[in-house]
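Using the sequences plus the hints, can you model the full thing?
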Amino acid sequence: MFENLYLVYLAPLMGVDLILQGLFIGALFALIAYGLALVWGVMNVKNLAQGDMVILGGYISYQATLWGYHPMLAMPVAIILMFGLGWLIYALIIRRVVDRDMFTSLLATFGLSLLIQQVLNLIYGPEVKVAESGFGNFQLDTFIIIQNVRLYSLLIAGALAIAIVIFMKKSRMGQAIRATAQDARAARVLGINTDRVYAFTYALNASICGAAGVLVAMIWVIQPYYGIVYSIRAFIIVTAAGLGNLPGVILTGFGLGAWENVAGFMFGAEFAVAAVVIMLVLVLMYRLLQSYRVRQVVR
Amino acid sequence: MTSARKLDLRVYAGLILFGIITPILFPNYTSQVAVMWLMVLMAVTWDMTGGQMGYNSLGNVIFFGLGMYASAVVQISMFADVAEYTASFGAMYVEFTEVQYFTGLALGIVVGGIVATLFALLIGPFMLGLRGPYFAIGTLGLAVAVAELIAGWGYVGAGSGISMPVYPGVAGESTFVWYILMGVTALLAHLFVRWLYSTQFGLAMNAIRDDEDKAEAMGIRTTRYKVLTWAASAFFLGMGGAIFGNMSGFIEPLEVAFPTATFGIFMVAMALLGGKGTLWGPVLGAILFHIVKEATWTYLLGWQWVALGAIIIINIVYFQQGILGWAQDKWPAAFGLTVDRGPGDQPTGDTRPEAAE
Amino acid sequence: MTVSRRNLFAYAFAGIAAFGLASGSASAKVEGDTIILGSAISLTGKYATNGIHAQNGYEFAVKKINDAGGVTVNGKSYKLKVTYYDDESTPARGAQLAERLINQDGVKYMLGPYSSGLTKAIAPVTEKYEIPMVEAEGASRSLFTQGYKYLFAVLSTSEQYLASSIELAAEVAKNQGKDPSEVKIAMAFENDPFSLDVRAGVVDDAKRFGMQIVIDDKLPRDLSDMTATLTKVKALKPDLLVVSGHSKGAATAGRQIQELKIETPMIAMTHCEAADVVGKYGAGATEGLLCPTQWAETLSYSDPLMGTAAEYDAEFKAAYPEYKTVPYQTAQATAAVMVWADAFERAQSFDPKDLRDALAATDMKTFYGGIKFSEAGNNIAKPMVLRQIQDGEYNVVAPSKWASSELRYPRQPQY
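If you read the sequences in order, they're chains Y, S and P. The opening position of the first sequence corresponds to residue 1 in the working numbering, with each subsequent residue numbered one higher. The opening position of the second sequence corresponds to residue 1 in the working numbering, with each subsequent residue numbered one higher. The opening position of the third sequence corresponds to residue 1 in the working numbering, with each subsequent residue numbered one higher.
If you're looking for bench data, these hints aren't it; they were derived computationally from the structure. Everything numeric in this text was worked out from a predicted model, so none of it was measured. Cβ atoms here follow ideal geometry from the backbone N, Cα and C, with glycine treated the same way. Wrong hints could be hidden among the right ones.
Unchecked claim - To give an idea of the chain P side of the interface with chain S (calculated C-beta under 7 Å), a few residues:
1) Asn103
2) Pro124
3) Asp192
4) Leu196
5) Lys353
As the list claims (entries may be wrong) - Distance windows between CB atoms, simulated:
6) S/Thr262 x Y/Val119: 16 to 22 Å
7) P/Ala318 x Y/His70: 30 to 36 Å
8) S/Leu25 x P/Thr308: 51 to 57 Å
9) S/Arg224 x P/Gln212: 52 to 58 Å
10) P/Gly147 x S/Lys330: 55 to 61 Å
11) P/Lys178 x S/Glu95: 42 to 48 Å
What the hints assert, rightly or not - In the DSS-like style, the derived pairs of lysine-lysine whose C-alpha atoms are separated by at most 30 Å in a straight line are:
12) P/Lys81 x S/Lys293
13) P/Lys64 x P/Lys79
14) P/Lys401 x P/Lys81
15) P/Lys174 x P/Lys63
16) P/Lys29 x S/Lys293
17) P/Lys207 x P/Lys401
Laid out in structure tokens, this is it:
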């Protein structure tokens with residue numbers, strides 16, 4: 001660990017590279033987590049199938065490369081297809097668990113995640129797949145090499161996030177979603193069709209996942225079983241940042257990406273995952289201590 | 001009182017009879033049924049916090065895995081150097097005599113239970129302060145963290161895992177030993193929870209589930225109850241893990257000891273399938289789940305996970321209260337419940353199928 | 001009414017359980033004119049890619065042997081058949097399934113699963129029941145230090161996988177007038193039984209030459225990013241980078257080595273072929289990667305049934321057109337079935353004990369190489385070979401006895 005720190009001391013630019021790479025990853029994590037925060041906040045559904053929807057988006061771009069198109073062209077297709085699929089899943093499954101307790105949605109979406117994995121496995125097989133973008137990269141320094149695809153994905157993730165924020169603020173549906181999130185019963189009294197709002201929210205989340213998946217397939221590798229990685233990261237981010245806190249989700253996403261990369265470097269790659277989940281537990285503990293300060297507890 | 005007790009006695013008698021008959025009539029299925037007892041143990045211990053107390057843990061596999069690893073270390077360290085035994089290159093071969101093996105095994109199972117309990121006592125006060133989804137996600141995170149840390153720890157073989165000492169007796173005999181150990185542990189765990197739910201302690205657990213703040217306001221020391229319950233479930237699960245480790249013959253951190261995505265979720269699904277918060281629901285759920293799982297794994301090869309995913313979804317979406325919860329609503333009299341006088345004298349405490357969150 | 005319902009309910013548990021479990025009964029090891037072999041193999045989960053390669057290898061061998069008249073025992077000819085279960089790439093499941101194959105399906109002759117971890121889980125079971133197992137995919141050395149009597153492996157053990165790349169690095173250093181002890185090695189290994197064993201072999205060999213290990217990272221199993229490790233590589237400029245992490249490790253490393261423009265003159269990694277790195281990233285980016293292999297179709301091995309290694313390669317591709325190159329995982333699986341067929345014919349018996357002795361005495365030449373088992377059960381008649389990706393082709397560069405091309409050093413990739 002200390003020799004690794006010493007390395008950074010010798011070549012400070014390497015530290016910059018580590019954090020930069022982490023931030024690029026973090027942008028994607030933040031995008032996925034934002035979708036989760038949306039369904040969690042609006043309809044109180046904890047979507048364990050989040051990561052599997054990402055992977056599904058990845059396979060859409062892989063399919064595009066199979067047909068000879070550039071994977072980036074799959075982006076709009078993935079957004080539209082996943083929107084429809086999200087609506088369908090809502091109508092079949094999620095509609096029946098919205099009003100139930102949190103555990104119901106967690107388990108129902110776990111079942112859904114198993115289904116998505118297996119269907120992908122049956123169609124594409126379990127092999128690792130990639131969608132090559134061929135965007136190349138540019139070099140600022142020996143230690144700072146930026147893959148263009150990561151830079152583009154940062155920009156796209158940012159553009160999508162801004163588009164969603166504007167949509168939430170300005171559009172009629174966006175306002176209905178926010179109203180439902182605040183008080184579903186009141187929204188219903190005021191004539192908002194909450195069922196439609198829920199369906200739209202869930203479908204929107206599926207779209208976000210699909211778009212993120214297209215980027216994931218171009219940056220890393222995809223496999224039917226890789227969804228859980230993204231689900232766990234998304235849960236960590238939302239749990240740490242809190243619901244309905246978009247800047248918080250984005251900041252935590254960046255922070256998590258950077259921390260994961262730096263921790264993998266410092267403690268060795270075998271402890272990168274542990275470092276991330278321990279961070280989650282620590283954040284939860286911190287929250288708990290905070291609440292103890294305001295609450296008197298019998299022990 | 002009496003009718004519920006009679007019923008319980010009958011089910012115990014039926015299960016014990018089944019437990020004794022199976023290895024005699026169908027000796028070939030012994031190891032599968034042994035795993036079924038493990039599933040029962042898992043569902044019953046999960047239900048202690050999840051069903052009766054309203055604390056839905058996704059990380060109970062921590063205790064399972066810790067028990068497994070603790071017993072492995074105890075069993076090996078008594079007669080050999082653990083670091084040398086687990087070295088990935090040219091791991092040494094140790095011949096355990098029968099006396100050595102069985103003393104190690106007995107001690108290992110007990111220590112497995114104790115280590116799991118101690119860990120629950122250590123983390124309980126912190127983790128059980130979390131509520132609702134935060135508790136579930138916190139425990140899931142903790143389980144992943146513990147698994148990754150053990151996977152990075154060279155002393156216990158890191159990702160290479162440990163080949164457990166080989167059973168010294170004749171071939172085939174060991175299966176029955178694991179079967180008996182597993183069955184007895186599951187039975188003990190169930191007898192324990194049955195007794196526990198009938199005491200004042202059990203009522204306090206239910207009070208925490210129904211409204212923790214009110215329970216606290218009434219002077220119930222909630223943290224103490226929560227931690228003790230979790231520790232008790234950890235004890236049995238730790239022992240189960242120790243036995244399962246020996247039964248498997250080879251243990252490693254991510255898939256055998258801390259399988260968060262399989263056993264970790266299965267134990268929840270089983271309890272929900274049978275009906276959580278009931279005395280017999282987890283048992284019924286575990287048995288059904290195991291049978292369905294084994295059947296789909298045999299006859300639907302390649303589609304087994306699709307079937308499992310579909311079963312979980314249908315179960316959750318359409319049969320929320322689980323089989324026993326549904327039956328209890330339909331025929332309350334059969335469960336010793338008298339509807340008009342309220343639930344006064346039945347062991348499960350509450351007729352409400354769904355716990356408040 | 002309620003009483004009877006109560007009674008019903010009380011015994012329902014036992015009834016349901018007994019019904020579900022009692023369906024299907026133990027069958028014999030030899031049914032009519034068919035010999036049943038059994039295998040728990042990874043059809044789903046993280047080892048599924050290679051598990052399926054192995055299964056295809058088994059099936060291809062079974063088909064070839066049956067087409068050629070099957071196996072003759074005591075004057076009667078028998079067909080082979082393999083019963084499979086999916087172990088989901090998890091050891092606990094593998095051990096259960098092995099018990100099930102032996103107890104319920106009555107299998108007396110086992111073929112191995114995929115990966116060292118699964119083999120480690122299954123070997124104690126087959127040993128306990130004294131059922132011989134010929135395995136083709138578990139290379140971990142610790143499998144052969146446990147005194148197992150019923151375990152036979154056709155492949156070379158894991159410490160040999162990347163050891164030849166260390167020797168090669170030492171040779172190169174000598175040619176350049178440097179001492180091998182000046183060579184710096186960076187290692188990135190997945191945290192699983194197989195890769196940790198490969199690592200142990202590399203560490204051992206590096207020690208022998210007095211080389212320094214400057215990076216020693218263990219990659220997590222759900223690995224999809226190794227930038228942190230590769231950044232270290234860039235800073236420390238090792239002379240040799242070794243990577244092992246099954247197919248996904250090779251796929252990830254292949255991509256990120258290209259993206260981060262790693263300039264290490266020598267890079268060796270396992271599973272290049274299984275991950276199809278050339279197909280994924282092109283010949284330019286993968287130029288010069290060293291890939292150890294158990295077997296290559298260019299080697300001059302042959303046997304009467306399969307013909308030469310090249311003929312096996314061609315026939316397999318014809319039978320399974322989805323394969324562009326035949327991974328060695330498939331070839332060794334085929335060899336394992338051939339070892340069984342050979343043992344049946346020599347033993348002229350179906351008794352597992354006789355077969356064990358026949359297996360122990362195996363000494364045959366196959367398209368996959370020589371097969372002769374040591375006391376411990378590992379194959380000592382076949383070396384590992386090291387191939388280098390040269391202009392998109394896999395060419396054997398070491399050991400020199402089998403080398404078909406010169407080593408290109410330093411590697412000159414086009415990123």
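Non-conforming hints, listed in increasing numerical order: 5, 14 and 15
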